[in-house]
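Protein chains: 2
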Amino acid sequence: MQNFEIIDKDVMGRICRIYTNHGKLETPAILPVVNPNIPLVDPVEIVKIGAKGIITNAYIILKTMGDQAVEKGVHRVLGIDVPVMTDSGSYQLMVYGDIEVSNSEIIEFQNLIGSDIIVPLDVPTPPDAERSTAESDLRMTIEREREAAKKRKNSLLALPIQGSTYIDLRKLSAKEAKKIGGDIYPIGALVPLLDSYRFAELCKIILEVREVIKVEPIHLFGCGHPMLFAFAVALGCDLFDSAAYALYAKDDRYLTPFGTKKLSEMNYFPCRCPVCKKYEPQELREMNKSEREEILAKHNLFISFQEIDAVKQAIKENTLFELVESRIRSHPNLLAGWRKIREYGDLVEKYDPKIKRKFLYCGIESIYRPAVKRHIRSLVNVEFEGAEILVSSDFGMYADIYLRPVFGPVLYQMNEVYPAGHAEVPEICEIEEEAIKLAVKNLYVLMRKFHDKKFKIYVSKEWAKYMKDIPENGELHVLS
Amino acid sequence: MQNFEIIDKDVMGRICRIYTNHGKLETPAILPVVNPNIPLVDPVEIVKIGAKGIITNAYIILKTMGDQAVEKGVHRVLGIDVPVMTDSGSYQLMVYGDIEVSNSEIIEFQNLIGSDIIVPLDVPTPPDAERSTAESDLRMTIEREREAAKKRKNSLLALPIQGSTYIDLRKLSAKEAKKIGGDIYPIGALVPLLDSYRFAELCKIILEVREVIKVEPIHLFGCGHPMLFAFAVALGCDLFDSAAYALYAKDDRYLTPFGTKKLSEMNYFPCRCPVCKKYEPQELREMNKSEREEILAKHNLFISFQEIDAVKQAIKENTLFELVESRIRSHPNLLAGWRKIREYGDLVEKYDPKIKRKFLYCGIESIYRPAVKRHIRSLVNVEFEGAEILVSSDFGMYADIYLRPVFGPVLYQMNEVYPAGHAEVPEICEIEEEAIKLAVKNLYVLMRKFHDKKFKIYVSKEWAKYMKDIPENGELHVLS
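Residue numbers (this note's numbering), protein chains in the order written: chain Y, 1 to 480; chain P, 1 to 480.
Hints listed in this document are in silico derivations from the structure and should not be mistaken for laboratory results. A portion of the hints provided could be inaccurate.
List time: in silico EDC-like cross-link candidates among lysine to aspartate or glutamate, alpha-carbon distance up to 16 angstroms [unchecked claim]: (1) P:K261 / Y:D309; (2) Y:K340 / P:E317; (3) Y:K204 / P:E430; (4) P:K316 / Y:E291; (5) Y:K261 / P:E317; (6) Y:K316 / P:E430; (7) Y:K340 / P:E430; (8) Y:K278 / Y:E291; (9) P:K204 / Y:E430; (10) Y:K437 / P:E433; (11) P:K262 / Y:E291.
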């Protein structure tokens, strides 16, 4: 039985369907964390607000309900009928150092309560741990994952990937998990990286894991801030879970796809969800704390599901690069984090669809999109008949090749074709220097390939400034 | 009587209150255009959705209701009690070339129906018109504005600014209007620029007009797309009006702050307004056209008011630069349009508040913010005691001056002070080259000012690459 299928793709992100015992779970999806005993928002309400699935904690259920939960099953405990994933108590293990359950017990318990997605008791190693700790933790995680694979019944199995901030250990963890064979691969122990905005490291870890886990769904454990969804999905993540909606609400904080706002500093709600439509910030501030918390948590859920829909719509229309490149403005570390994809050009290219409808330049990171590399490569197969090739930066003039920022040489016959022919790119005076230099470099590559041809190049004086060290077969004319 | 007051400011934008005969109108605000005879959405409903004011057409009311409207008053005709602005028929004049009313008649009619903001019958000249046409149109506009100033009763008077794409004529129009003395200054005949995404020209026209109209509210006639609100407010616009919500809905198009989507291409709604919360895109597509139009128009209104609130919240917290710099990603022409502010650095600086809480770098346009220029200027008044000044790019090292992208030299004592001390800026490896070059240039400016001091400069090799042509009083050491 195939447990999931990919419906749509863009960048390294996908819309998938994961088939569970409680129906399909369409991803990207965020699974809100529900504490079965003290939910801030009732799970029934969370589903009404838009959750496609829920994650809850099997360890807490075991300790507080035991056999009663086995009798009812986790879905009836929560009162819902959507897919339920259960965590194993690893988080408690990380926080308290020890817990009163074995791996085999908690797996069996998850089977018994009818969880749709079960997780072994992996050992989370926080970032910057000693290497020896990360290694021994990982050994234990792998052992427990093997045990889980043997003890699983008919639930889907999630095999967490650990290894702290050691990239080689993360890759090893992913390889071992894949060998064992899970249905979903959560990347664990990232919360400290998220909390300290270490997004460049986050980017690297996700990409390295995605490279090993080629197609199966990846879950980003503990990531629940909507400012990260577009970024993480574009890097290949499918599932998120988080208590963020509740934790932030308890701290009087309001989530947006561009970061967090303090309720105390808000005069206007930049949202029209049922909460924000109904209340003014001042009204919320005047409520008693528990009422306010629940209402804020609801907004935080609405905006999270909204952002997931924005990401899905972007995948559908192949504008996920554009969405990410706007969302990363929410913090310079996110900008810097995204720019790490430069180092993974080949990997991103393997996943990103070749043909899209349009290419909108959104800033310097647009030049790292695979479409730009592919454009350059497509020039290699070109043939020119005459001995002289006319190049111009002026689209009004007849030429064999036009010169554009970002892409560089665009052949006459490419003018109607994606990407360069469907690209909206600012003029040379309004674009980053790197986008101009790349264009010139690409022209020179073409000139060197056709070293037996003569290139007559007519460019504006703005272009001429960047055209130093022109190859010998070039002849530069500055247009006035 | 003072007709308006400024409550808050950021960049060149403001939160104002305009006092009308029907209460205060808080700006930035969008006044939805209502056709009194065939409203797509009932004005009462529009106000419920969030409109703080309405604009309707006095010429159409005159022609279709005449005395009946005078008897009832425009507010009762529309069934609402919020501020109402009336347009004069200029739009009809532009479209049909001629209309059956004189300036003096339409002003008097607006007085009689109790409009809160009246507009004379100005003569709109479209972009790229013949200069002689623009001049003669403008002469007539000015004449009619003089007449309006005489005939106005107790309504607020809006004096449109015309002049086509001739910047000098726009300025002349603004000067004359200001001399005549209006309460609000709408910039007219811009729709063709908006429709063809000529945002650089739009930026120039707004800034040039704002420079003349120093403090009074500016209205951007015909601008109603939420993708432009942050941009236009940051340039100094206060009021918008538009039929966009209805026109786009009729064409099955869905507005977002990042551009327009076709309903036919939507699978997910990236919004949680009452419309998007209730329906799936497919359900809307299956409705009959008139029902769908009204529902889409309502979403378009909700998202427009939401975006106005996002802009107001950004002004409140002094993050309007950050908001604009994310919003301009919706189209490369908007990006290029915004980058025009480089040419108006002194003007922007006059308006932008000096102290803010933080400076988040969002891309290369962040270096055009006045905070960067002010930082450089603040260095001029610095004094150094010793003969040697220690500069370092390594924050872990003791130094008199630290080197940061964008700002360049940041004195030890500035490390806790806005802007440089409160700035989040990517590291040198992840930032645009211009941001590094500017930093180096600023350091050299400082070195030349203190030409009698010796600068010992310790930088990483990434910095060293950019530190050519170092002034004679500098001594470069590359950190390993």
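Compare the distance between the alpha carbons of K340 of chain Y and E317 of chain P with 16 angstroms, and conclude whether the hinted pair is satisfied.
30 angstroms, violated
Pair hint outcome, K437 of chain Y versus E433 of chain P [Cα-Cα no greater than 16 angstroms]:
11 angstroms, holds
Run the distance test for K316 of chain P versus E291 of chain Y: straight-line Cα separation, threshold 16 angstroms.
26 angstroms, violated
Holds or violated: are the alpha carbons of K278 of chain Y and E291 of chain Y at most 16 angstroms from each other?
Holds - the C-alpha atoms of E291 of chain Y and K278 of chain Y are around 14 angstroms apart, at most 16 angstroms.
Holds or violated: K261 of chain P with D309 of chain Y, Cα cutoff 16 angstroms?
Given pair K261 of chain P, D309 of chain Y holds - Cα atoms ~14 angstroms apart, limit 16 angstroms.
Does the structure keep K204 of chain Y and E430 of chain P at a Cα separation of 16 angstroms or less?
14 angstroms, holds
16 angstroms limit on alpha-carbon distance, applied to hinted pair K204 of chain P and E430 of chain Y
Given that 16 angstroms is the threshold and the Cα spacing comes to 14 angstroms, the pair holds.
Run the distance test for K340 of chain Y versus E430 of chain P: straight-line Cα separation, threshold 16 angstroms.
8 angstroms, holds
K261 of chain Y paired with E317 of chain P [C-alpha distance capped at 16 angstroms]:
10 angstroms, holds
Please verify whether K316 of chain Y and E430 of chain P have alpha carbons no more than 16 angstroms apart.
Outside the cut-off at roughly 30 angstroms; violated.
Does E291 of chain Y sit within 16 angstroms of K262 of chain P, going by the straight-line distance between their CA atoms?
Violated, at about 39 angstroms.
Going through the hint list in order, the structure does not satisfy hints 2, 4, 6, 11.
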